[in-house]
Amino acid sequence: MTGDAPTDATQFPRLRRTAVFVVSRGRRGWGILHRPLPQPPDKLRHGPLKQDAFPSPLHNRYNAAWLGYALGWSFLICFVTGLVSHFAQHPTSWFDLPARPIWLYRVTQGVHVATGIASIPLLLAKLWTVYPRFWDWPPAKSIASAIERVSLIGLVGGAIFQILTGIANIYKWYFFSFFFTPTHYFSAWIVMGSLVIHVGAKISIARDALRHPERYEKRAHRVGTASADGPHPEPSLSRRGFLAGVVATSGAVTVATVGQTLSPLGALDVLGPRKPGDGPQHLPVNQTARAAGVTTVIRDPDFSLTIRRGTASKVLTLADIRALPQHTVRLPITCVEGWSADGVWSGVRLRDLLDLLDIPHHAAVRVESLERGGLYRSSTVNPSHARDPLTLLATHLNGEVLDADHGYPLRLIAPDRPGVMQTKWVHEVTVL
Amino acid sequence: MTDHIASTTDMREQPEPSPTWFRFVLYAVGVVMIFIGVKGIVHDDHHWENPTYWVRLFVGGALVHDLVIAPLVAVVSVLLTRLIPPMYRGPVQLGLFASAVFSFVAYPGVRRFSYAKDNTSANPLNYAHGLLICLGIVWGAVAVAESRRFVLRRRQLRQQDDG
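Read top to bottom, the protein sequences are chains A and B. Position one of the first sequence corresponds to residue 27 (my numbering), numbered consecutively onward. Position one of the second sequence corresponds to residue 250 (my numbering), numbered consecutively onward.
In short, the hints are calculated from the structure, not lab data. None of these values were measured; they are calculated from a predicted model. Positions of the beta carbon are idealized from the N, C-alpha and C atoms, including for glycine. Some hints could be false.
Quick list of in silico lysine-lysine cross-link-like pairs, DSBU-like style, CA-CA up to 35 Å [claimed, not checked]:
no., chain 1, residue 1, chain 2, residue 2
1, B, 288, A, 198
2, A, 228, B, 288
3, A, 228, B, 366
4, A, 167, B, 366
5, A, 340, A, 228
6, A, 167, B, 288
7, A, 198, A, 69
Quick list of simulated restraints, FRET-style, between CB atoms [said to hold, decoys possible]:
no., chain 1, residue 1, chain 2, residue 2, range
8, B, 309, A, 113, 24 to 32 Å
9, A, 70, B, 393, 19 to 27 Å
10, A, 266, B, 309, 19 to 27 Å
11, A, 425, B, 325, 51 to 59 Å
12, B, 369, A, 341, 18 to 26 Å
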């Protein structure tokens, strides 16, 4: 554009007028939002609303910032690993959990649950540290501050909701009347969104508090001054002692549960919802054959596996399947509840079965169970998993014919897939 | 865990930082994320038995914490300040905190809410026993810390007397 060329504003006076109008209204709205609200009468200030109602020096900005950082990171880890689990169960065109490394989902889901449990002491300590703010006086200084306070429901309520339902889920305690997985997933977006807003509001002061803790610490009385506690000069718990205690609790509660997936710590697993070697054929079970309502149908002597490609199909009996080349692989079952355990599986490669009908290598397939209903009665196997040499329709586990609860007569076992997608009691494979 | 120690500054009196472009970018990102969450919750209605249940649990959790649990903790704190000298109070405070955390985590297992006769591999442990082990370790650590404080205090008083 040359120097004497007309500007956009002179070319479009209406646009300029609109911009000026929007900016002026925006400034006016900003002013209204931040205009101080009338001070409520002081006689209402009783109990926890009083100044110094929470005199502990541990209610300080440094502790709040430190715990906030720790909690922020742990929530972020939970969120990212939760996204991995969500997209592993609901593959999209842009994300498909790869078949290698075979331990990837085991690690991400183990970390997801372990970090969630580790967050509990951090969250409780953080809420305790900032609790005096709940009784802020005046309750709202301006409309903006009222909005900020109300928005904390998303963060506080959401964090408590996620922890509570997460703990209930790993123990299979379904006291709530909604399906856990999507609710936990979408609630996580609300919590993380609220957390991002909270970080935006507090990041400067949190950084400052961590750099200059002395500015934000309450000072204890010195010897000789009046104190309800008598002549003891020191607070009952130092800042470091408090934070160290919270971190130690966080570590201890994690160690007491993480053995359900981290076998070297299995001996310390006293509260874990699963024991890796505990269950039929030394492997835990999530859903039994009885609970799935398949105890009779899986014993049908006429059982057969049907492979479908459009109108073409191939039917194989168990004897036919056992006559195909057999393979043995060592793969973990990794449950979304966070436990995982290795098993030695034997059976036929899924790709060998697909080759019987010349199914193209780029095709995804759907594996269906004999279960009549349930959200996990079938699962989609993407091409990278379907063609993987480790992916089997297994007939044996740990050297024995599959137990009914592990999916007799046939179950899918593939590397790096959530346990709910390792479909049991398979009777049909369909090309998509 | 409230201490009777006077303060010269109060958390709730700290000034808020002034707004910056970074702050507003985070606000925008946060609002978009909340929108994704709320949209998903609202649209995922095929799993709802009671659509208001999620809201009640979501908001109720915050209210139960702020209006029931936190005041209870404050009452316990006041009792502790009356019963235990400040020198020995810290380990007890942390012991109670850790005990509450372990009890919360173990609660569904101890109550055997999901016990199923046909699936002994789900929640296979004796969680009451496991909780007792955890509480034993916690209070053992508290006892060690208190003993250390006692010894240090005795030494300090002896040095003062000698001095």
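Hints versus structure:
1. Straight-line distance between C-alpha atoms of residue 288 (chain B) and residue 198 (chain A) comes to about 27 Å, which keeps the hinted pair within the 35 Å bound.
2. Among the hinted pairs, residue 228 (chain A) with residue 288 (chain B) is consistent with the structure: their alpha-carbon atoms are about 27 Å apart, no more than 35 Å.
3. A hinted pair counts as satisfied when its Cα atoms are at most 35 Å apart, and residue 228 (chain A) with residue 366 (chain B) does not qualify at roughly 50 Å.
4. As the CA atoms of residue 167 (chain A) and residue 366 (chain B) are separated by approximately 57 Å, the hinted pair breaks the 35 Å bound.
5. For the hint pairing residue 340 (chain A) with residue 228 (chain A), the CA-to-CA distance comes to about 63 Å; that exceeds 35 Å, so the pair is violated.
6. At roughly 31 Å between alpha-carbon atoms, residue 167 (chain A) and residue 288 (chain B) fall within 35 Å of each other, so this suggested pair holds.
7. Annotation: proposed proximity of residue 198 (chain A) to residue 69 (chain A) is violated, straight-line Cα distance about 50 Å (limit 35 Å).
8. Remark: the range hint 24 to 32 Å for residue 309 (chain B) to residue 113 (chain A) is upheld by a beta-carbon distance near 30 Å.
9. With their beta carbons about 47 Å apart, residue 70 (chain A) and residue 393 (chain B) fall outside the hinted range of 19 to 27 Å.
10. With their beta carbons about 35 Å apart, residue 266 (chain A) and residue 309 (chain B) fall outside the hinted range of 19 to 27 Å.
11. Between residue 425 (chain A) and residue 325 (chain B) the beta carbons are some 55 Å apart, a value that agrees with the proposed interval 51 to 59 Å.
12. Under the hint 18 to 26 Å, the C-beta atoms of residue 369 (chain B) and residue 341 (chain A), about 36 Å apart, miss the expected range.
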